[in-house]
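Got chain A sorted already, so can you dock chain H onto it with the hints?
Listed below, chain by chain, are the residues.
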Amino acid sequence: MSQGVQMVGLYVRNQDEAVEFYVEKLGFRIHTDVKNGDFRWLTVQHPDQPSFQLGLFTPGPPVHDAGTAQTLREIVAKGAMPSLVLEVDDCRAAHDRMLARGVEFTQEPTERYGTVDAGFRDPSGNGWKMIQTRR
Amino acid sequence: MSQDPELLRRLLRAKDRMDAASHEEWPVHRLSRVSGVSAAHFARSFKEAFGVPPHRYLLTRRIERATALLRDTELAITEIAFQTGWGSLGTFGRTFRDITGESPGELRAREKAAPREPERVPVCILSAADRPDLTIAVSEKRRQDADGTNWSEETEVP
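Protein sequences appear in the order of chains A and H. Residue numbering for the first sequence follows the working numbering, beginning at 1 and increasing consecutively. Residue numbering for the second sequence follows the working numbering, beginning at 1001 and increasing consecutively.
Pulled out of the complex, with its shape left as it was, chain H reads as follows:
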């Protein structure tokens, strides 16, 4: 399905804004203002352009940042939760586990045990390689995991 490149360029601006400040709240009306389209039009167009709804995109960015902070800093997990935009440690821990399959503490312990050597790729670009591939809703992933069914299947209806 073809989309107007001028619209896509404005949708990209909203995506860039989430990338730059993923710890902030990004309700659809705020994003739609960045792109200069109606809220209803925005959510539909964003998903069509980037494959995931805007809120889910934001979640992946937050998890990506949290992953980097867990790996690269000594910050307490509570501090990381608040720095990356979660209102509570419980929500952060649960969402993190649902998306990555392990808890923040487990990820940190694993990374500490097997440090990587990232010098050859610019850090800003490397971070994108850690982006979780969140193609279905977190709630759906939870249900599938409970059922033991495959998580890569796209079942959400936009």
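So here's chain A without its partners, still in its complex pose:
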């Protein structure tokens, strides 16, 4: 049994939209998608990273009261959550592929000191850096 971080959650504004983005546009796979009343436990996985799950959750009951949920929705929509980083083999190719699928890029692929990075956001406002590191 290996030890380590198994899941990190993001807040998204709509879970169906998030599945469409992370699965259809980014190529992640659904790991778990179960409903319990209003609550939906939804996690996705990068195909090359079977030991890690990215949770996609909406703020709201039963975890949050209405005011807290509204605050969280605002924070995500303002892009104020910490940056996420996606490592890729070929940043420019990934950019072209994702752009063709309608991903909203905030920064074109840029080379700095041998690494290439680009920036994009999910529909909710979560910001990603996509980095191709020096090999």
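Hint data in this document are derived by calculation from the structure and do not stem from the laboratory. Any given hint might turn out to be false.
Stated by the list, open to error - Capping the alpha-carbon separation at 30 Å, the derived lysine-lysine pairs in DSBU-like fashion look like this: (1) A:K78 - H:K1112; (2) A:K78 - A:K129; (3) A:K78 - A:K35; (4) A:K35 - A:K25; (5) A:K25 - A:K129; (6) A:K129 - H:K1112; (7) A:K78 - A:K25; (8) H:K1047 - A:K129.
To be verified - If you only want the chain H side, here are some residues facing chain A, beta carbon under 7 Å, derived: (9) A1020; (10) A1049; (11) L1075.
What you are looking at is a predicted structure, and each value in this text was computed from that prediction instead of being measured. Glycine included, each C-beta is placed from N, C-alpha and C at the ideal position.
Chain H in isolation, oriented as in the chain A frame:
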């Protein structure tokens, strides 16, 4: 004060566009088109969402980029001024000093004397750590500095 998350998401798009091309001109009507709201509504909503008016946000981004270019390249200061969106070297130098407290040349000399080691943080993220904390208008900072009063005090009326 609560804001509609859908509006915030569209305001973020305008902020992202300034981040991506801070050397360009970003008059309010251009930004408001990106966000799909009226110009009057845009300026007010942007300040409410991000704490500074859109033009001031743009200035901080330009200074941040200029700071990085001064530190990381050998480009002439005139070239850096034009690359980061200023129409004249004088305006660049004055604004830079007003915001950071030193001239572009002084900053470059200081950074050269004490180089940092930034390898452990992605460069694209590190740049945000250099963002000047410009919470009041440049003109107001100039006045306060002349008076010897504190610069962190928020005095601007939106």
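Check your understanding: Hints broken by the structure, by number, lowest first?
Key -> 1 and 11
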